[in-house]
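Chemist: Given next are the chains, with one letter for each unit.
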Amino acid sequence: MSDTNVSASPSRRRFLATASGLVAAGVASPVLAQDAKIDAKALPPNVADWSKALGEGVVAHPYGSPSKFEKHVIRRDVEWLTASRESSVSFTPLHELDGIITPNGLCFERHHSGVAEVAPQDYRLMIHGLVERPMIFTFDDLKRFPRVNRIYFLECAANSGMEWRGAQLNGCQYTHGMVHCVEYTGVPLKVLLAESGIKPSAKWVLAEGADAAAMTRSIPLSKILDDCLVAYRMNGEMLRPENGYPARLVVPGWEGNMWVKWLRRLKLGDEPWETREETSKYTDLLADGKARKHTFVMDAKSIITSPSPQAPIKGKGFTVISGLAWSGRGKVKRVDVSVDGGRNWREATIDGLVLDKACVRFYAQTQWNGEPWLLQSRVIDETGYVQPSKDDLRKIRGVNSIYHNNGIQTYAVKPDGEVENVEVS
Amino acid sequence: MSKYRNIAFAAAAVLLLGCAGASAQPAKQTAKPAAKAEAAKPDAKPDARLHIGQPATAQQIAGWDIDIRPDGQGAPPGQGSVKQGEEIYMAKCAACHGEFGESAGRWPQLSGGAGSIASPDPVKTVGSYFGSVSTVLDYVRRAMPFGDAQSLTNDELYAVVAYVLNLNDVVDDKFVLSKDTLAKVKMPNAGGFFEDDRETAEKSFWNPKPCMSNCKPEATITGRARVIDVTPEDKSAGKVE
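The listed protein sequences correspond, in order, to chains A and B. Counting in this note's numbering, the first sequence runs without a single skipped number right up to 425 at its last residue. Counting in this note's numbering, the second sequence runs without a single skipped number right up to 1241 at its last residue.
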């Protein structure tokens, strides 16, 4: 998001026009998939072809793919948002997923100079600066270290960044799809730094990528030693190239930009470097012209993924409202749901794992009979932080922040089950 | 294979020695004060290191150590003038960023925006927003030109950044940028940043008892994502699913 002019108002009209056209085009395929013509010959009392003829044998697909009927479940981008796809973003199709784990091929992407294709035998991680012994590690070296497995969410600080000035994009894939949640396997950085030693004057760590942007961020040493990892696996398999193969930084609960991909270098220093990504970008401009910097922690946030503009309600009666919630400050404590725009709330059920700095899945079972809903969710984390309304957020931060928009999302559910991204009083 | 086995044996031996050392230590009744101080340091623990990896050589580090700090630490030798920079900029930067840094298409705008940062429509550029010269210098050194990164010589790097500063009226036409001059250039928005204060400025977001019922008057829709020029019932227009 950092290369975009998303907040520039001259393009706003074009923005709206293009956005609605694009979203309509983007969801054309799910309509086809879901409303595909039913073959009566496959339905009882008839016996379907797949119940009679042999199907494909094993290893027809040595590395398997989703069903051909799920081709619409893909990452999407908003082409006009950035000048080139090499420095751009794609969005996770949150409305098509359930549970808390994001499949690897659907994790949103954000590159600054495209994907670096790093050969594992040519991978090196250098640790130097204010250390006792500058060190260099091969990929085989990394894999020899003791490792841990941790499930964390990763959210881009610019997630929902297009929505500061009002409802714009119609679909949680576009408004909230710069988040994913996977299980990482990696080496705790305190283990790696034991090899190099740390000089007492070291306070900050510069993390640098091996891509053609050499993406760089300064991270406090205390965080690095607390819970950061150098990860090389996601959901059991090796990292995908677009997620930093062969190794990336994991900075739990902190903004995605700091999770440097294709990690090649860690330099210890006594003050931050003020790189482009930590001052000119990823600073939060307030209405008075001053900007917050080092806003690392991702505030608690939730989003209803179904129903949502890309996942309308298909029939009246029993309805499950479903969504995701997370907090960069720790565990999610509770999620509430409202159907009247935040006037009244009821507690949703969290199903499955509740982990530190990871997504949770919530459900609210209810009846819907065509009445107009103004659907909202709000998360409360273990520190007592309550996800604010968009207006409460704007009162403090204005509308020029771009980053860290964690305000409560509202969906208008219409009598025909269609859903629209709206703002409410 | 045998090489790895040897390394594994060596590591096991180190671990065994480490354990032996640790168990032997309590038996020593008269530990010297110096030894105690030693033990307080993480490195002094016999098993803190796993002895994986190689020392990085000065030559290896020099090739990758490209970061530059606001105080000039890390800045390479060399220098470049605004005039020299103009030529390089026109050849390598103007196609995307515009001849005057005004941006061509949707590429980042590098100049202008002075005084706009506190307005409803802020234009963030090197001149209007960046806090220090090193931020530009470090970035250009590592990431520009787009698609041909780390190709500029040090003199070219200094020159092109000097030109971008000049486009923003931060330095005059005669300015020469170098390791010695970079920290002395005062950026207009240098004082524009402050440390994250959310936990105090947004203290009201921490609420032990969030309201559950009748929290506000009946909510009405104030904005929509779709351009609404048809009734919601009309499925031919604005249809999303």
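What the hints contain is simulated information worked out from the structure, not anything from laboratory work. Please note that the accuracy of each hint is not assured.
Stretch-level coverage of chain B by chain A, calculated; a stretch enters the list once three of its residues show a Cβ under 8 Å from a Cβ in chain A [as the list claims (entries may be wrong)]:
1. 1086 to 1092
2. 1134 to 1140
3. 1151 to 1165
4. 1211 to 1220
Example chain A residues on the side facing chain B (calculated, C-beta under 7 Å, incomplete) [stated by the list, open to error]:
5. N104
6. Q168
7. S201
8. W204
9. T275
10. L374
11. E423
Chain A side only, calculated, beta carbon under 7 Å to chain B, not exhaustive [stated by the list, open to error]:
12. D122
13. M126
14. F139
15. G166
16. G317
17. Q367
18. V386
19. S389
The beta-carbon is built from N, C-alpha and C at its ideal position, and this holds for glycine as well.
Chemist: Does each hint hold? Answer for all of them.
Modeler: Status of each hint after checking the structure:
{"no.": "1", "hint": "1086 to 1092", "result": "violated (count 0)"}
{"no.": "2", "hint": "1134 to 1140", "result": "holds (count 5)"}
{"no.": "3", "hint": "1151 to 1165", "result": "violated (count 0)"}
{"no.": "4", "hint": "1211 to 1220", "result": "holds (count 10)"}
{"no.": "5", "hint": "N104", "result": "violated, 27 Å"}
{"no.": "6", "hint": "Q168", "result": "holds, 6 Å"}
{"no.": "7", "hint": "S201", "result": "violated, 13 Å"}
{"no.": "8", "hint": "W204", "result": "violated, 10 Å"}
{"no.": "9", "hint": "T275", "result": "holds, 6 Å"}
{"no.": "10", "hint": "L374", "result": "holds, 5 Å"}
{"no.": "11", "hint": "E423", "result": "holds, 4 Å"}
{"no.": "12", "hint": "D122", "result": "violated, 13 Å"}
{"no.": "13", "hint": "M126", "result": "holds, 5 Å"}
{"no.": "14", "hint": "F139", "result": "violated, 11 Å"}
{"no.": "15", "hint": "G166", "result": "holds, 4 Å"}
{"no.": "16", "hint": "G317", "result": "violated, 19 Å"}
{"no.": "17", "hint": "Q367", "result": "violated, 19 Å"}
{"no.": "18", "hint": "V386", "result": "holds, 5 Å"}
{"no.": "19", "hint": "S389", "result": "violated, 9 Å"}
In summary, the numbered hints that this structure violates are 1, 3, 5, 7, 8, 12, 14, 16, 17 and 19.
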